[in-house]
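4 protein chains.
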Amino acid sequence: MDVVEFKPEREQYAWTFGGVEPVMRVAPGTALRLWTEDAFSGRLTSPHDLPSEHLDMSEVNPQTGPFYVEGAQPGDTLALHFVDLEPARDWGASATIPFFGALTGTDRTALLHDPLPERTWIYQLDRDRDVVVFEALRGEFRVDLPVAPMLGTVGVAPAGREVRTSIVPDTFGGNMDTPEMRAGATCFLGVNVEGALFSVGDGHYRQGEGESCGTAVEGAMNVTLIVELIKGGAPAWPRIEQDSHYVVVGSSRPLEDAWRASQVGMIDWLHELYGLDRLDAYQLLTQVSESPLANVVDANYSAVTKVAKRFLPPGEAFGGMHRYLREQAAAL
Amino acid sequence: MDVVEFKPEREQYAWTFGGVEPVMRVAPGTALRLWTEDAFSGRLTSPHDLPSEHLDMSEVNPQTGPFYVEGAQPGDTLALHFVDLEPARDWGASATIPFFGALTGTDRTALLHDPLPERTWIYQLDRDRDVVVFEALRGEFRVDLPVAPMLGTVGVAPAGREVRTSIVPDTFGGNMDTPEMRAGATCFLGVNVEGALFSVGDGHYRQGEGESCGTAVEGAMNVTLIVELIKGGAPAWPRIEQDSHYVVVGSSRPLEDAWRASQVGMIDWLHELYGLDRLDAYQLLTQVSESPLANVVDANYSAVTKVAKRFLPPGEAFGGMHRYLREQAAAL
Amino acid sequence: MDVVEFKPEREQYAWTFGGVEPVMRVAPGTALRLWTEDAFSGRLTSPHDLPSEHLDMSEVNPQTGPFYVEGAQPGDTLALHFVDLEPARDWGASATIPFFGALTGTDRTALLHDPLPERTWIYQLDRDRDVVVFEALRGEFRVDLPVAPMLGTVGVAPAGREVRTSIVPDTFGGNMDTPEMRAGATCFLGVNVEGALFSVGDGHYRQGEGESCGTAVEGAMNVTLIVELIKGGAPAWPRIEQDSHYVVVGSSRPLEDAWRASQVGMIDWLHELYGLDRLDAYQLLTQVSESPLANVVDANYSAVTKVAKRFLPPGEAFGGMHRYLREQAAAL
Amino acid sequence: MDVVEFKPEREQYAWTFGGVEPVMRVAPGTALRLWTEDAFSGRLTSPHDLPSEHLDMSEVNPQTGPFYVEGAQPGDTLALHFVDLEPARDWGASATIPFFGALTGTDRTALLHDPLPERTWIYQLDRDRDVVVFEALRGEFRVDLPVAPMLGTVGVAPAGREVRTSIVPDTFGGNMDTPEMRAGATCFLGVNVEGALFSVGDGHYRQGEGESCGTAVEGAMNVTLIVELIKGGAPAWPRIEQDSHYVVVGSSRPLEDAWRASQVGMIDWLHELYGLDRLDAYQLLTQVSESPLANVVDANYSAVTKVAKRFLPPGEAFGGMHRYLREQAAAL
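Residue numbers (this note's numbering), protein chains in the order written: chain A, 1 to 332; chain B, 1 to 332; chain C, 1 to 332; chain D, 1 to 332.
Simulated from the structure, these hints should not be mistaken for lab results. Some clues are possibly wrong.
Same chains, same label: a pair holds when it works inside one copy or across any pair of copies.
Taking lysine to any residue pairs in the SDA-like style, the calculated list, with each CA pair at most 20 Å apart, reads [said to hold, decoys possible]:
1. 309 - 141
2. 231 - 273
3. 7 - 275
4. 7 - 48
5. 231 - 195
6. 309 - 114
7. 7 - 107
8. 309 - 129
9. 309 - 131
10. 231 - 98
11. 309 - 331
12. 309 - 142
What you are looking at is a predicted structure, and each value in this text was computed from that prediction instead of being measured.
Chain A on its own, in the form it takes in the complex (with noise of 0.2 Å):
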């Protein structure tokens, strides 16, 4: 399998789902190794840089992409199997940005409080022992949390002629947020335009469910996938196979919609597996989902339905694909 490797100038990254030529014109099939820069563009370095003096809220969440896959119809289904997410620094970066958050008036939320008072986390990575190190800006309080990589932000261009910011999430995908998002996941993807034009970014070292301040602990990404392609078949909204899970994102407000889509989309997809009927299916759905929050905080909200494989008959979702994805990435 070839493996292409690519990391975006800083000209090239893309703010946008939609509305960008690709940077490239990649097969069915192929691998493809990545730079993701981190989702403050890299403008957070210290905690004495603040978001409202280093930030550029028109850049933020760069992307690396769009690719153009060749032969992606609207209709058609992008799987894309992430091989390996190595973090690309030694340290990650969060903080509270005015007026963003869950736990704060934003400009959707609008109230009368002054902004929370901003702040910056630096996170210092030790790759040996595999974790990132919190520290209290306030006090000596301090503790070890296990690196556990994820990508943010993974989409397509949106159906309906849109183009959307690299700050939302919706059913082409986009800056979900969720910590499914790991290596060892594949994700389908339904295509709205010819070549689908995917792109990835928003590495996070690793996020709570919810992620209540806004921001994960966010660094630059190295980025291992491969890009496959499925005729048809477009679900609705993000599904997620991992070998131990079947998963549906659905991004929305308020968040209940948001988890009432996942919800419909699970129910979809077991239908689609086992035939089951659809009360049928929202019966066992009741007693075996997981629902751990993705996001709180962006333009929608997004919430997961999770269901264990080890509760159900073997199935194949679309046609085996995550199985022969992580054949391939084996061999990689």
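Starting from the known structure of chain A, arrange chains B, C and D on it as the hints suggest.
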């Protein structure tokens, strides 16, 4: 340690939090062995039992209790340690109830649709294999699901002179429907009235996160718990301590508000445990929170924030009450 | 027609809907001349009275009542016709209360902000010009606002054995805080318990739609109303009939659900009045609905759907009760 | 004053805000006489035209424009004064569209219901009596409704490099669907890109507040407007000035957030107009706000905050632009 046994007669069930005379006075330090009827008051026993014909919606979630805890005053903290939850029958039931559930119009999300079809599923319990069996009503699909007993409803009398039905979760606990409420967990509830007046009920042999259709594998339960009282320290929202995790449950609508309440509750708890500055706690939580949904169906939705103790320095929540109760439980 | 006068002593105030013994039994057809204390229980009398120092949040929205209506049974419809609402003092008060209001974090929309500054505004009532005077606390700004008396709180005892504080609006009415509840209006409430047990309170000398800061121009009120009873016909949500409009009030969270409830309630009403097919009623309502918000601050938000009678053929709601009560009122 | 006429050919319709080449350059001060096609692109002409058969959901809300306004720079304020809105046909259409509307499950509020029945209503326009005629599809019910022409969609190109479909309302205006956008009103929109690139469309012969079923009395419209430009001063959310009212439109989900945005926008405006302290403005708004809903159906919901000028001292919004444009209009 004394163990007091109590199995209510049908006419002793409580249907509300608050507004009911206690069935018993108990001293802090008492162990109780209780029996709880299922959420349907035992009225659904076969797939032919339709909710609209067999259920009395004014008699769901029967409570065992309330118990008057001697010495409990408003502002105190009630600790309930669940020693054991044991299915009291060899089957459980679940159902779709007209205009009830997360993926249907309801009295609150009022729409113009006809109700979804009503159906009843009966789950046989296999004690040898420790599973309940899901059988599709349409087609041949059948899977085993591990038994994972929990209590849907644990609460005290509300504040503000209120009386709430046992379907409602709120600051007083109540129908939180979270799988976190399992054997080995200690639940901390703020006391609102003299004697606390707690009750328990709504046993689930298992439940998925979110409880999509509105009813888990509902079953009668034998509940062993130890009652303790902490003077003062009442938390704003219910807290749970497990050997592995700290847990806060928030209940409100929309779902983001339920989750926000649980997040702020956890930030407060981290502040109490470690003296962490609130912004530092916000940052730390952003990277370590687990955020599994509890229910998206009740009068209020319930969302959970969990933090794994392995990420944290040793802490002494409520003066080490959970560890103490674990020891007491081991000695039973 | 008899007119019964009643002014409660301070110790007679009710603080809840349900759970309180009636202050009086009244026969249908009785006129009542009542006095209601303001929402602050009269504790804010000067701009120097800070809510955190002067208010007792467990004693807000004192109710005059409850009244036991002879013959009222669950499923019946209580009709309260407001003959006259007359400010009982020469001033009203409003305030920003910490963590209360629509444009601040609250106990439900839990955020990490400090509370907004608390302030108290006193409005002088000028009876000659029929205005209250708004005076800015900072700067010289001062404007006259027309007096527009209304009752924030009109309700009956809830269903399901519940007792709710007088801050809450729901299906039983309660703290709906809608300017539609004014002299000349007839309010129809479903009866949940024997005797209905209605009460009124929370007079506003005027209020904007949404009641942003959470408190209107709060003032003691002289209330003249006529009580009537309709056997059966209980509406799902409170209805109001005015000479000019039919009005339905829904209360829930998020706000779209409050509004949906009011819309479906109006579609039901149009169906009852004219035999309109529900989809035809949905279509008609789409083109004629007035949808002014009531409050976006209480435990539930309240939204209003109104339809102008001038768009409709003559109708006989509740057997012409409103017209009948207008005639009775004229004869008082 | 010059009046430029423009009626787009079908292939000239724009389907998005942003991402489209301008149809024309106009200098500030220009009057335009435009024709806009209806929201259905003219495809529903009889009650027998079912949306699922006749509508192309990728071609709804065709826009007339965009127009490049000479000199407009990001941060400037575009003023569009609507001189006249005149129905361009003698009939309008409305429909229930599967999974679209406020009282049905949708792609966002994903539920398991089948869609509501789809229906199309045709309204005949009677120019002599200035009414459209509602005729029930089931039964004989028929009423006249006053014509009240408005534009559902008025917007500029979005910020952040985005392109949004003409179904979406947001900070850039767009599909706000508020009856406030009528002849005699001036709409103020912040400019995000050079030339502003505004467009208009989606004429309604009348619409209720909330637009429950998702479609008003949709009709082609002759639109006369005057374009002006104010350097700087871009408001965060669309503002409208009428002779009688100041109006702010917020668009988000859940509905309380849409309304909060409009409220904070109005508080900012009152601060700008009168130097009012923000808490004083919050208090004043609490007592004078009118809060009619706009739509509860689109990708974002839209809510309105209005303040009657009769409650306020004389003010000069945007340097008196509205009064100036009224004079210009009178001279046309």
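Structure-inconsistent hints, enumerated in ascending order: As far as the earlier hints go, 3, 4, 6, 7, 10 and 11 are violated by this structure, in ascending order.
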